[in-house]
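Chemist: Line by line, the protein sequences are chains A and B. Under the numbering used here, think of the first position of the first sequence as 359, with each following residue one higher. Under the numbering used here, think of the first position of the second sequence as 359, with each following residue one higher.
It is worth saying that the hints were derived from the structure and are not from the lab. It should be emphasised that the depicted structure is a prediction, and the values quoted were computed from it without experimental measurement. Errors might be hidden in some of the hints.
Computed cross-link-like contacts, BS3-like style, restricted to lysine-lysine with a CA-CA straight-line distance of at most 30 Å [as the list claims (entries may be wrong)]:
{"no.": "1", "chain 1": "B", "residue 1": "618", "chain 2": "A", "residue 2": "605"}
{"no.": "2", "chain 1": "B", "residue 1": "650", "chain 2": "A", "residue 2": "802"}
{"no.": "3", "chain 1": "A", "residue 1": "721", "chain 2": "A", "residue 2": "738"}
{"no.": "4", "chain 1": "A", "residue 1": "676", "chain 2": "A", "residue 2": "722"}
{"no.": "5", "chain 1": "A", "residue 1": "799", "chain 2": "A", "residue 2": "701"}
{"no.": "6", "chain 1": "A", "residue 1": "568", "chain 2": "B", "residue 2": "471"}
{"no.": "7", "chain 1": "A", "residue 1": "702", "chain 2": "A", "residue 2": "605"}
{"no.": "8", "chain 1": "B", "residue 1": "618", "chain 2": "A", "residue 2": "395"}
{"no.": "9", "chain 1": "A", "residue 1": "657", "chain 2": "B", "residue 2": "471"}
Stretch by stretch, here's where chain B covers chain A in the computed footprint (C-beta under 8 Å, at least three residues) [stated by the list, open to error]:
{"no.": "10", "stretch": "541-550"}
{"no.": "11", "stretch": "566-577"}
{"no.": "12", "stretch": "580-588"}
{"no.": "13", "stretch": "595-606"}
{"no.": "14", "stretch": "610-616"}
{"no.": "15", "stretch": "623-636"}
{"no.": "16", "stretch": "648-660"}
Only some residues are given here: those of chain A computed to face chain B with a beta carbon under 10 Å [as the list claims (entries may be wrong)]:
{"no.": "17", "residue": "361"}
{"no.": "18", "residue": "538"}
{"no.": "19", "residue": "620"}
{"no.": "20", "residue": "665"}
Where is the CB? At the ideal position from N, CA and C, for every residue including glycine.
Chain by chain, the residues:
2 protein chains.
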Amino acid sequence: MDLIKVLLDKIQQKSAKIGIIGLGYVGLPLALEFASKNFEVIGFDIDSEKIPLLNSGRSYIHHIDSKKIFSAIEKKKFSATDDFSLLGEVDVIIICVPTPLNENREPDMTYIKNTSEVIQKYIRKGQLVTLESTTYPGTTDELLLPLFENPKSADEKFIVGEDFFLAFSPEREDPNNPDYTTSTIPKVVGGVTENCLEVACELYNTVITKTIVVSSTRAAEASKLLENIYRSVNIALVNELKMIFDKMGIDIWEVIEAAKTKPFGFNAFYPGPGLGGHCIPIDPFYLSWKAKEFDISTKFIELAGEINTYQPYYVVEKLIDVLNTNGRSLKDSKILIVGIAYKKNVDDLRESPSLKLIEILNKKYAKVDYYDPYIPEIPKTRKYDFDLKSISLTENTLSKYDVILLSTDHDNLDYELIHRSANLILDTRNIFERKNIISDKIFKA
Amino acid sequence: MDLIKVLLDKIQQKSAKIGIIGLGYVGLPLALEFASKNFEVIGFDIDSEKIPLLNSGRSYIHHIDSKKIFSAIEKKKFSATDDFSLLGEVDVIIICVPTPLNENREPDMTYIKNTSEVIQKYIRKGQLVTLESTTYPGTTDELLLPLFENPKSADEKFIVGEDFFLAFSPEREDPNNPDYTTSTIPKVVGGVTENCLEVACELYNTVITKTIVVSSTRAAEASKLLENIYRSVNIALVNELKMIFDKMGIDIWEVIEAAKTKPFGFNAFYPGPGLGGHCIPIDPFYLSWKAKEFDISTKFIELAGEINTYQPYYVVEKLIDVLNTNGRSLKDSKILIVGIAYKKNVDDLRESPSLKLIEILNKKYAKVDYYDPYIPEIPKTRKYDFDLKSISLTENTLSKYDVILLSTDHDNLDYELIHRSANLILDTRNIFERKNIISDKIFKA
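Here chain A stands alone, though its shape is the one from the complex:
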């Protein structure tokens, strides 16, 4: 029995059963994509609260429509479970679990490790496992491979590329990107062996517009890191230049708009109150951590981290300056943060610099409220417990704050109203000028 032929055939026939572990921003859209192409998909998640929601066709992610889930459930193409023993039933296992940092900014591999150990328990011959989580080069080879070669589900050793197949294929989700969705973003794939690569490409080709083959899982792991390191470094660069130009009396936003008119060799990045989201502030440090094993340091990543991490503190310094010109201290001043999602038009708070802003302002005895149309209240996280609810945005409430701190520039905010009613505004996104609202009560940070 040639296992690779059997699996290839199942994929081509769409009779392969797909298991997806981790039903968040990456796993859920991918599961729905496979379901929409008539594969039967089982979604696995350790968060047991998600399971009944999904199985009754309800979404917990703002930009993923419940209808899509409901339709997949109804057609019996998708079901969710927290029973990982069902992993033995699927032909393909796709791992989409988080790879955060711990408090010392080191990779927190718990989710990948635990998931891999569960797979080790249930893996059977003929399965393909792919990892999509962003991680350091070597993860697939060094961490996953030895576990699956020594399955707890069998008495013998498994041979990769013959008994099972293993590949790395980084997710490239960009929530709310109007131009690209899961299926239309080309996907990089690296296999542990030639067979692994072949099966993984066959799989992804059924749902993704284009697969890009690289020579190893390490190259695939590195490619995703490069993409996010590039963003992290370039955002840090404009954040640094923002602070330098500000001292020189030059507006970075004007400078970027001018530089952007160069038709080649330049790409615009914009400053802000700090990095947010689950990728850019985190992923680069996976490489930093791994590099130490090779006696080498990642200076650009460290510097970018340093400068980006400093931005909320810089914003608070600016806020103190603005209050100071009115002879006021930050202590007892009333500050309203407008927009607390990590980027505009999403309901995603992960790593949002606004949380850090609230923390710093609290420590300095300011009175902080917030408004965000997408986030009615701030949930308790591992790091923060603010017990804050979004206020209502009216002329009356706005006028009560000493400063409006514009942190996230959602499209649906009423900037005219904010400007009209505010006493002072500190704008970290240059949104007021972009909306042609210019006045001497608006400052930039």
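Here the structure of chain A is known, so what remains is to put chain B in place on it, guided by the hints.
Modeler: This is chain B only, laid out in the frame that chain A set:
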């Protein structure tokens, strides 16, 4: 008499006489552009050897065709001179002089200073002066303006925006770019006053496809720096990642090609043996120098400089490794550097990392030759005096070298021949793999 109206009128009628100071890679094409639009242009240069060449219609820059110069001369639209007293005769003075660094990597403002002082001697009412040289924010306001406000050519003070006009408009030349030429690259313009801006835009609109207005000369100065800082930092970033990935056994070139397939948010930059040319290695330090005046440091620029400057040394380390595997030392080894221009398909040696490579290799007692189809011999510079001529590239000569060090990937090189005849190759541009020439005698640096 309203001087601005007179000058605007002259520009519109194309009866304004244009003076361009500095007839190099920026000034010469710009002069020819104005001449081709029927302006009468006088080109000024302190290099008296250039004057008779130009006046007899001969080019000294590879990508500028002599015919273009000859035709402009013949139509009496262009003439060159080293007699700066003729500056009083022109209506517009455009400064295109070099802004290099001194040996301590500080701005060398000699050319701008001397030029401005000469203009101070001859400036007359009704003239427009624009500066195009890349420089620190504040140069136009702080260095040029006070000189022209106190002309030596008159007994009275001149008022900027009334008696004369002053603007900054950075050059964006990209020699050998097949898609863009002087006239089709949008041009940023900042004026000292509104009148200055108006006249400068009127002028550039006659030859440039589009002018981009900014609020000050400082913003214009900063925009050019941002463009080049962006490039310098991103090249340094891939150079750093090249060294890190190499230690991990990952090929940076493959990783970049994979990352490049992301259809948004990523732009590819490529590693190399070091930075070259008159812009990217130099311009960023103009901001670093100025920033110190404001008690702030430019960490990204410093780090990029550090990493890019290290690259030729890294290449030599790799060269030593390659020789070492054959049990050979660098001392007495015969090394052929192929390509010494700072980038492919140009005859430009300025700041070329190949010069630094030759210097390092000489110091380590290697026997170095070079081949470059565009550079028959290495001219003596302020820094180097090698007395080397390009060898001829044959099977016979190639086979005599221990290592061929590919430094610049000109399109017209015979890579098949090089590969066939070489003993070992160290490729800093990944050109052999890109030409599908793959063998175990090729190494990458």
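Chemist: Each of the hints needs a verdict: does it hold here or not?
Modeler: Right, here's what the structure says about each hint:
At roughly 36 Å between alpha-carbon atoms, residue 618(B) and residue 605(A) are farther apart than 30 Å, so this suggested pair is violated. Between the alpha carbons of residue 650(B) and residue 802(A) the distance comes to roughly 23 Å, so the proposed pair stays at or under 30 Å and holds. For the given pair, residue 721(A) sits about 18 Å from residue 738(A) by alpha-carbon distance, which is consistent with the 30 Å threshold. A C-alpha spacing of about 14 Å is found between residue 676(A) and residue 722(A), which places the hinted pair at or below 30 Å, so the restraint holds.
Our distance criterion of 30 Å between C-alpha atoms is met by residue 799(A) and residue 701(A), whose separation comes to about 24 Å. At most 30 Å may separate the alpha-carbon atoms for a hinted pair to count; residue 568(A) and residue 471(B) exceed this at roughly 56 Å. Proposed proximity of residue 702(A) and residue 605(A) is supported: the alpha carbons are some 28 Å apart, at most 30 Å. Using a Cα cut-off of 30 Å, the hinted pair residue 618(B) and residue 395(A) holds, with the two alpha carbons roughly 27 Å apart.
The hinted pair formed by residue 657(A) and residue 471(B) fails the criterion: a straight-line CA distance of about 37 Å is larger than 30 Å. Proximity of the stretch 541-550 of chain A to chain B, defined as three or more residues with a beta carbon under 8 Å from a beta carbon of that chain, is established by the 3 residues found. Counting residues of the stretch 566-577 of chain A whose CB lies closer than 8 Å to any CB of chain B gives 7, so the stated coverage by that chain holds, three being the minimum. A stretch counts as covered by a chain when three or more of its residues have a beta carbon under 8 Å from one of that chain; for the stretch 580-588 of chain A and chain B the count is 7, and the coverage holds.
For the stretch 595-606 of chain A, the proposed coverage by chain B is satisfied: 8 residues have a C-beta within less than 8 Å of a C-beta in that chain, meeting the threshold of three. Residues of the stretch 610-616 of chain A lying with their CB closer than 8 Å to a CB of chain B number 4, which satisfies the three-residue condition for coverage. Coverage of the stretch 623-636 of chain A by chain B holds [criterion: at least 3 residues with CB-CB distance below 8 Å; count 3]. Given a C-beta distance limit of less than 8 Å, the hint that chain B covers the stretch 648-660 of chain A holds, as 8 residues qualify and 3 suffice.
With 10 Å as the threshold, the beta carbon of residue 361(A) stays out of range of chain B, its nearest partner Cβ sitting at about 28 Å, so the hint is violated. Checking residue 538(A) against chain B: minimum C-beta separation of about 6 Å stays under 10 Å; hint holds. Among the interface hints, the one on residue 620(A) holds; its C-beta lies about 6 Å from the nearest C-beta in chain B, closer than the 10 Å criterion. Given hint, residue 665(A) at the interface with chain B, holds; its Cβ is 7 Å from that chain's nearest Cβ, closer than 10 Å.
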